[in-house]
Amino acid sequence: MSQLKSNKKLKWALDFNQKNKQLSTELPSPPGYSQSSNANYAESSKDSDSNLLLIKKLWDVALGPLKQVPMNLFIMYMAGNSISIFPIMMVGMLIVRPVKALFATQSTFKMVEGTQAIGQKIVYCIGNIVNILLALYKCQSMGLLPTHSSDWLAFEEPQTRLEHIGGGLSLI
Amino acid sequence: MGNLSINLKPNFMGLLKCLNSINWFIVFFSLINLSMCIYEDQIGKFDWRQSYVGRIKFAQFDTVSTARKIIVATEENVLAALNLKTGQVVWRHVFESTSSGNIQLLHLSDQIITVTGSNPYLVRGWDLSTGVLIWEWGLTLQKNEHTDFSEWWVQNGLLVHMVPKFGSHIEVSVYNVATGHNRGATSKLPAVWINEGCVLSPPYYTCISGSPGNQLLLSMDVTSDAVQIISKPLAEYTTARNGNLNPFDTNTVIPGFLLNEKIILIRGNKFEAINIAISEPSASVALVDSASGPLVLQTWNDEAKGFTLMAHNLVSGQRVNEIGWSDRSLSIPEPELSAVICTKTAREQHVCRILVTAADDASHLIQQEGRVLWTREEALANVVAVEFVDLPVSDLDAAIESEFDQKEAAKMHSSVLAAFTRRLQSQFQQLQGAVRALLAGDAAAADEPPPLVRDYFNLHKIMVLLTDTGKIFGMDNLSGEILWKLYEPNLNTEAAVMFTRRSARHPPHDAYLTVVGKHEETGNGLIVSLNPIRGTPVGEQTLHLDVQILQCAVLYKADAQKLHALILLDKDENVQILPESSAPLVENMYMHVADRSSAVVRGYALRHDGERVSAKNIWSVDLSGGGSQRVVWSVSKPAAERIHSAGRVLPDRSVLYKHLNPNLVLLLTEGPDPVHKDVVVATCVDGVSGGVLSAHVHRRARRPALPLHSEHFLAYLYYNDKQRRHEIATLELYEGPERWVPAGAAFSSLRGARAPHVQRHAYIVPAAPAAAALSATERSLTDKHVLLALSTGAIVELPWALLEPRRALSPAGEAREEGLVPYAPELPLPAEAVVNYNATLLRLTRIHTAPSGLESTSLVLATGLDLFYTRIAPSKTFDLLKDDFDYYLISVVLAALVLATYSTKYFAARKMLKMAWK
Numbered sequence: 615m616s617q618l619k620s621n622k623k624l625k626w627a628l629d630f631n632q633k634n635k636q637l638s639t640e641l642p643s644p645p646g647y648s649q650s651s652n653a654n655y656a657e658s659s660k661d662s663d664s665n666l667l668l669i670k671k672l673w674d675v676a677l678g679p680l681k682q683v684p685m686n687l688f689i690m691y692m693a694g695n696s697i698s699i700f701p702i703m704m705v706g707m708l709i710v711r712p713v714k715a716l717f718a719t720q721s722t723f724k725m726v727e728g729t730q731a732i733g734q735k736i737v738y739c740i741g742n743i744v745n746i747l748l749a750l751y752k753c754q755s756m757g758l759l760p761t762h763s764s765d766w767l768a769f770e771e772p773q774t775r776l777e778h779i780g781g782g783l784s785l786i
Numbered sequence: 005m006g007n008l009s010i011n012l013k014p015n016f017m018g019l020l021k022c023l024n025s026i027n028w029f030i031v032f033f034s035l036i037n038l039s040m041c042i043y044e045d046q047i048g049k050f051d052w053r054q055s056y057v058g059r060i061k062f063a064q065f066d067t068v069s070t071a072r073k074i075i076v077a078t079e080e081n082v083l084a085a086l087n088l089k090t091g092q093v094v095w096r097h098v099f100e101s102t103s104s105g106n107i108q109l110l111h112l113s114d115q116i117i118t119v120t121g122s123n124p125y126l127v128r129g130w131d132l133s134t135g136v137l138i139w140e141w142g143l144t145l146q147k148n149e150h151t152d153f154s155e156w157w158v159q160n161g162l163l164v165h166m167v168p169k170f171g172s173h174i175e176v177s178v179y180n181v182a183t184g185h186n187r188g189a190t191s192k193l194p195a196v197w198i199n200e201g202c203v204l205s206p207p208y209y210t211c212i213s214g215s216p217g218n219q220l221l222l223s224m225d226v227t228s229d230a231v232q233i234i235s236k237p238l239a240e241y242t243t244a245r246n247g248n249l250n251p252f253d254t255n256t257v258i259p260g261f262l263l264n265e266k267i268i269l270i271r272g273n274k275f276e277a278i279n280i281a282i283s284e285p286s287a288s289v290a291l292v293d294s295a296s297g298p299l300v301l302q303t304w305n306d307e308a309k310g311f312t313l314m315a316h317n318l319v320s321g322q323r324v325n326e327i328g329w330s331d332r333s334l335s336i337p338e339p340e341l342s343a344v345i346c347t348k349t350a351r352e353q354h355v356c357r358i359l360v361t362a363a364d365d366a367s368h369l370i371q372q373e374g375r376v377l378w379t380r381e382e383a384l385a386n387v388v389a390v391e392f393v394d395l396p397v398s399d400l401d402a403a404i405e406s407e408f409d410q411k412e413a414a415k416m417h418s419s420v421l422a423a424f425t426r427r428l429q430s431q432f433q434q435l436q437g438a439v440r441a442l443l444a445g446d447a448a449a450a451d452e453p454p455p456l457v458r459d460y461f462n463l464h465k466i467m468v469l470l471t472d473t474g475k476i477f478g479m480d481n482l483s484g485e486i487l488w489k490l491y492e493p494n495l496n497t498e499a500a501v502m503f504t505r506r507s508a509r510h511p512p513h514d515a516y517l518t519v520v521g522k523h524e525e526t527g528n529g530l531i532v533s534l535n536p537i538r539g540t541p542v543g544e545q546t547l548h549l550d551v552q553i554l555q556c557a558v559l560y561k562a563d564a565q566k567l568h569a570l571i572l573l574d575k576d577e578n579v580q581i582l583p584e585s586s587a588p589l590v591e592n593m594y595m596h597v598a599d600r601s602s603a604v605v606r607g608y609a610l611r612h613d614g615e616r617v618s619a620k621n622i623w624s625v626d627l628s629g630g631g632s633q634r635v636v637w638s639v640s641k642p643a644a645e646r647i648h649s650a651g652r653v654l655p656d657r658s659v660l661y662k663h664l665n666p667n668l669v670l671l672l673t674e675g676p677d678p679v680h681k682d683v684v685v686a687t688c689v690d691g692v693s694g695g696v697l698s699a700h701v702h703r704r705a706r707r708p709a710l711p712l713h714s715e716h717f718l719a720y721l722y723y724n725d726k727q728r729r730h731e732i733a734t735l736e737l738y739e740g741p742e743r744w745v746p747a748g749a750a751f752s753s754l755r756g757a758r759a760p761h762v763q764r765h766a767y768i769v770p771a772a773p774a775a776a777a778l779s780a781t782e783r784s785l786t787d788k789h790v791l792l793a794l795s796t797g798a799i800v801e802l803p804w805a806l807l808e809p810r811r812a813l814s815p816a817g818e819a820r821e822e823g824l825v826p827y828a829p830e831l832p833l834p835a836e837a838v839v840n841y842n843a844t845l846l847r848l849t850r851i852h853t854a855p856s857g858l859e860s861t862s863l864v865l866a867t868g869l870d871l872f873y874t875r876i877a878p879s880k881t882f883d884l885l886k887d888d889f890d891y892y893l894i895s896v897v898l899a900a901l902v903l904a905t906y907s908t909k910y911f912a913a914r915k916m917l918k919m920a921w922k
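One line per chain: the protein sequences are A and G, in this order.
Residue 615 is where the first sequence starts when you use the numbering used here, and the numbers rise one by one after that.
Residue 5 is where the second sequence starts when you use the numbering used here, and the numbers rise one by one after that.
There's no promise every hint is true.
A partial selection of chain G residues facing chain A, derived with a Cβ cut-off under 10 Å [as the list claims (entries may be wrong)]: (1) Gly105; (2) Gly521; (3) His523; (4) Thr526; (5) Gly529; (6) Val597; (7) Gly631; (8) Ser649; (9) Val659; (10) Ala913; (11) Leu917; (12) Met919; (13) Trp921.
Negatives, chain A to chain G, calculated, CB over 12 Å [said to hold, decoys possible]: (14) Trp626; (15) Pro645; (16) Asn665; (17) Lys671; (18) Met707; (19) Arg711; (20) Phe717; (21) Ile743; (22) Leu747; (23) Pro760; (24) Arg775; (25) Leu785.
These aren't lab readings, by the way, just hints derived from the structure by calculation.
Glycine is no exception: its CB is placed at the ideal position from the N, C-alpha and C atoms.
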């Protein structure tokens, strides 16, 4: 414990009254100067510069889906609720794009291993999910979701019968 | 597209519909085949028509015109000319089916003279070759009950009409044939000796009169001015105590008659007995002229020798050997000589052509040596019931099927090796078949009729037709060829029913069809069971019960032999099960019987108590409405009906569930009413519980109340007396937005009584319908169409959508989105909807429909005086290529594309190589 204390002392306190039995050939670095830390500093500042850029870029990517939401809303509004070929294509795009994007999350964020990667991924996924929900809402308002009993009518089991009848007009 | 978006409220199904309609646009632009009717070159491709005339009543050979014909007048009130060589109808006139169309006389001179009707009479002259009406005059006599016995004949260009008043006198009137001018007014000849047993042999009227033992044979020429009666004691001619007079079936020579199998002629006002023996009391005798003097022809059906014909010379009494033969192979029950013509060849040989009409209504034209030139099965003019029977699969297919059937069993019992060898065997068989077919080529295909095996789409079937005379026919539905016929003389088919009790799908077992009718004489049940593919009796064969049958049904469950038992409910409410071994299978079975005249419907529950099946009357409904109503129809749902959709999708995407009561029976009653003249009542009764689900009264309405019943909808046609038009009332039964029983659950009529919601409408049919039917498809996926047979001879196909009771008068938003047509009271009957194009069908009585293996296609047979078969595709042929599909073009294009692909590949590779060397 005392050793540790003395060590600590050694780090920060300059002992001018040291009895130097062995004179070091090299001069000690001036106080507060550290070669390694200097080099480190230069390197780390360079590194964090590009890192920041990347993070910024990646945040852009991650926020991209969310930024599309207003645009999608506008497209949806313009497409209207009628079922014809263009609205169908648009709705198809609205659904397919975020789904594709979700599947491609890993490849999109491949190069990043930062502290914010997880957050970015989450935001990206949320954005895509919001887009999918929007598309589903569109489908719903267009009536394309099989949510009514009428949509499942064709798959219902046919009715069976318990009693059987025969007969008709008297044959006599 | 814009149009679509208005009509369809968007939903998931809507998307499908949209895609579907895009599909339709493709179809439209590529095929342009949206019309329901067929192209001119398709006439006769899917349909055929057979024209009949009915049982021949009078027949005469046309010897005048160059084109040889037989002119016939029939029991069906048809005047027709038949081609002598082929028996085809050259021309045909159909008179009224009531007594006003009855043909009383057919006389051939240079024109055809007919007398039709029964007071008033119509005398008409027709052109021989074309059948065109040349002249006509009417005759109305004073009302008297004796006109039923009146006789007509033509003598020296004068039409003679004789009315006997039994025990009093004879009234004879003579008219100018062409003008109707009454020559000598009416003369009354006193004749107290005439009675109902008299025979006419123009111009003599002959009777047996007097007290038994002291009888006289009396005869009188009714046309001579001076009344001369020939009278002889009966004992001179016959030893029998009672004389029995019969006219000749055909007589063109000398007046004469048959007296107890003895031929007696009247020559020079004297009776003259001819010494020619009539071999058989039932023989049909004809007197014909020939080059070597008059001949006596007699024919009968000998038990040992079969159909027998014999000829004698009238003068010499010698047998004419060249005319006369027996043929065992000919089955002509109770033959009757309708017309005979005899000529002589250069080699002094008699040549006779004989038209024979049998008890089964078939007419045969027989030439020398018993060669039958043609046969007309006139029984088919009166078809009572029709059943479509599937053909068995071919042996090869059956082998393959059995292989797959036994797959499960094979896993258990035999090794993989066994299965493999079986596989190899069947492959080898297939190969053999293919090689054989290849070797045989087209030559064999042209000669042989196609084998009676099921085709891929199950379009080839056998139609079993039950006729009024008791003759049963098996007919190929594609060609209309008669495959087999079975005559059951004792079968009364008045209320007969036919059941297919086993289809041909169960290979080791034959198909099994049963006809339940009545015995001609006793009225007791007569059951005929046969193999509908070959027409041979099977199982119970012909079973004559000793009790009258009230009703019958087929058990829904099959026994181990895949045979559905026949349940017979007899007059004493006893139950018989055929075969008896199936009795334990009777379970949850109910029967109902509607009595026509009393209009009481009784329901019976059938129970098996361990030993026998008994029927217990559990309910009865009186529909007589105070005693005046009669039940005219009772229709339940088709037994094998499948229902595709349990509900109807509304525009707000909710479901309106159909009330699919499989036990529903539609009963139509009709009767006079003190206030409203006539009333037609339609009652929907549950066949199990007897509950009345709905009832509708149509005042001042009459028959024909033709019913239609399928799925959840019902319809019936009636004549509106007030507006003097035909109308069709349609009903649809709905459960509402909630279903009563969960999906897939069993429906029970006994589980709570809730009344379904009934929607109804009535529409005007701007024609007189004679028959109605609904199209039937295998899975009921396709739309239902209504086929209406009109009295004009057309069959019109109407989509159910036009008859729908949900059609609103002015559809508001939602209904319009549902695609309902706005209500219009009058149904359109467009000419394009006529399925029989210009082939007019006379006197249609029924339309029969059957599903085929193709979901889109329904087979239709219309019966009446004509038979007409066709197939209809209510939702167009969505599962079939057009029949003029260009297979060559598509294969050529495909081949060219493949070729082009490979050649480009080669050239591309070469170019790449060259580039690389540069």
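Quick rundown of the hints versus the structure:
A least Cβ separation of about 28 Å between Gly105(G) and chain A goes past the 10 Å threshold, and the interface hint is therefore violated. Evaluation of the Gly521(G) hint against chain A yields a held restraint, the C-beta minimum of about 8 Å falling below 10 Å. For His523(G), the shortest C-beta to C-beta distance to chain A is roughly 12 Å, which exceeds 10 Å, and the interface hint is violated. Of the supplied interface hints, the one on Thr526(G) is violated, with its beta-carbon coming no nearer than about 12 Å to a beta-carbon of chain A, more than 10 Å.
Interface hint at Gly529(G): satisfied, since its Cβ lies 8 Å from the closest Cβ of chain A, which is below the 10 Å cut-off. A hinted interface residue such as Val597(G) counts as satisfied when its beta carbon comes closer than 10 Å to some beta carbon of chain A; here the least separation is about 5 Å, so the hint holds. Taking 10 Å as the C-beta cut-off, the interface hint given for Gly631(G) is violated, the closest approach to chain A being about 17 Å. For Ser649(G), the interface hint holds, since its Cβ comes within 10 Å of a Cβ in chain A; the closest pair sits about 6 Å apart.
Look at Val659(G): its Cβ gets to within about 5 Å of chain A, closer than 10 Å, so that hint holds up. Interface hint at Ala913(G): violated, since its Cβ lies 35 Å from the closest Cβ of chain A, which is beyond the 10 Å cut-off. The closest approach between the C-beta of Leu917(G) and any C-beta of chain A is roughly 38 Å, which is over the 10 Å cut-off, so the hint fails. Given hint, Met919(G) at the interface with chain A, is violated; its Cβ is 36 Å from that chain's nearest Cβ, farther than 10 Å.
Look at Trp921(G): its Cβ only gets to about 41 Å from chain A, farther than 10 Å, so that hint breaks. Here Trp626(A) stays apart from chain G, with its beta-carbon at least about 75 Å from theirs, past the 12 Å limit. Listed as a non-interface residue, Pro645(A) keeps its Cβ farther than 12 Å from every Cβ of chain G; the least gap is roughly 72 Å. Chain G leaves Asn665(A) outside its interface by the beta-carbon criterion, the shortest separation being 48 Å against a cut-off of 12 Å.
The Cβ of Lys671(A) sits about 40 Å from the closest Cβ of chain G, beyond the 12 Å cut-off, so the non-interface label holds. Interface exclusion of Met707(A) from chain G stands, the closest Cβ pair being 16 Å apart, more than 12 Å. Distance check on Arg711(A): its Cβ is at least 20 Å (rounded) from any Cβ of chain G, clearing the 12 Å threshold; non-interface status holds. Here Phe717(A) stays apart from chain G, with its beta-carbon at least about 25 Å from theirs, past the 12 Å limit.
With a least beta-carbon separation of about 23 Å from chain G, Ile743(A) lies farther than 12 Å from that chain, consistent with its non-interface assignment. Non-interface status of Leu747(A) relative to chain G is upheld: no Cβ of that chain comes within 12 Å, the nearest being about 18 Å off. Distance check on Pro760(A): its Cβ comes as close as 5 Å (rounded) to a Cβ of chain G, failing to clear the 12 Å threshold; non-interface status is violated. For Arg775(A), the requirement that its beta carbon stay farther than 12 Å from each beta carbon of chain G is not met, with the minimum near 5 Å.
For Leu785(A), the requirement that its beta carbon stay farther than 12 Å from each beta carbon of chain G is not met, with the minimum near 4 Å.
Of the numbered hints listed earlier, those contradicted by the structure are 1, 3, 4, 7, 10, 11, 12, 13, 23, 24 and 25.
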